[in-house]
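*Asks:* Residue numbers (the UniProt record's numbering): 1 to 95.
Don't read these hints as lab results, they were simulated from the structure.
Here the structure is a predicted model, which is why all the values come from computation and not from measurement.
Wrong hints could be hidden among the right ones.
Stated by the list, open to error - Listed next, with one range per pair, are the computed distances between beta-carbon atoms:
(1) Ala20 - Val95: 35 to 45 Å
(2) Gly73 - Val5: 16 to 26 Å
(3) Pro12 - Thr93: 32 to 42 Å
(4) Ser58 - Pro12: 34 to 44 Å
(5) Phe92 - Gly68: 14 to 24 Å
Note that CB positions come from ideal geometry on N, CA and C, so glycine has one too.
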Amino acid sequence: MVLEVALIDVIPGTEDEFVAAYGKARETLATTPGLQSVRMTRGVESPSRFVLLVEWDSVEAHEKNFRGTERFGVWRGLIGPYFAQPPHVEHFTDV
1 MVLEVALIDV
11 IPGTEDEFVA
21 AYGKARETLA
31 TTPGLQSVRM
41 TRGVESPSRF
51 VLLVEWDSVE
61 AHEKNFRGTE
71 RFGVWRGLIG
81 PYFAQPPHVE
91 HFTDV
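Using the sequences and the hints, build the whole thing.
*Replies:* The following block contains the structure:
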């Protein structure tokens with residue numbers, strides 16, 4: 001299992017719209033083969049900052065089953081307009 005961590009900063013003032021768009025986009029991500037769980041969190045001190053946590057079977061499952069498919073285009077089309085900058089994304093494994 002790998003954990004994808006995406007740090008997402010949205011344009012200040014668009015937080016509610018981003019949350020609504022994520023609600024529509026989540027199903028596209030959540031039904032991807034190889035995905036185990038997905039969770040979005042919001043900053044308390046920085047309410048325009050969100051952290052997406054996705055557990056995948058492998059980095060390959062993320063890259064091949066999601067990023068390399070039409071699913072990613074749908075996902076990005078819904079939530080991307082609210083990004084202040086491109087998200088910072090990394091993969092992690094348990095120690």
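*Asks:* All hints, please: hold or fail.
*Replies:* Each hint tested on the structure:
A hinted range of 35 to 45 Å for the beta carbons of alanine 20 and valine 95 is consistent with their spacing of about 36 Å. For glycine 73 paired with valine 5, a C-beta distance near 22 Å keeps the hint of 16 to 26 Å intact. As the Cβ distance of proline 12 to threonine 93 is approximately 34 Å, the hint placing it in 32 to 42 Å holds. For the pair serine 58 and proline 12, the supplied restraint of 34 to 44 Å holds, since their beta-carbon distance comes to about 36 Å.
Against the hinted window of 14 to 24 Å, the Cβ-Cβ separation of phenylalanine 92 and glycine 68 comes to about 21 Å, which satisfies the hint.
Consistency with the previously given hints is maintained throughout, with no hint failing.
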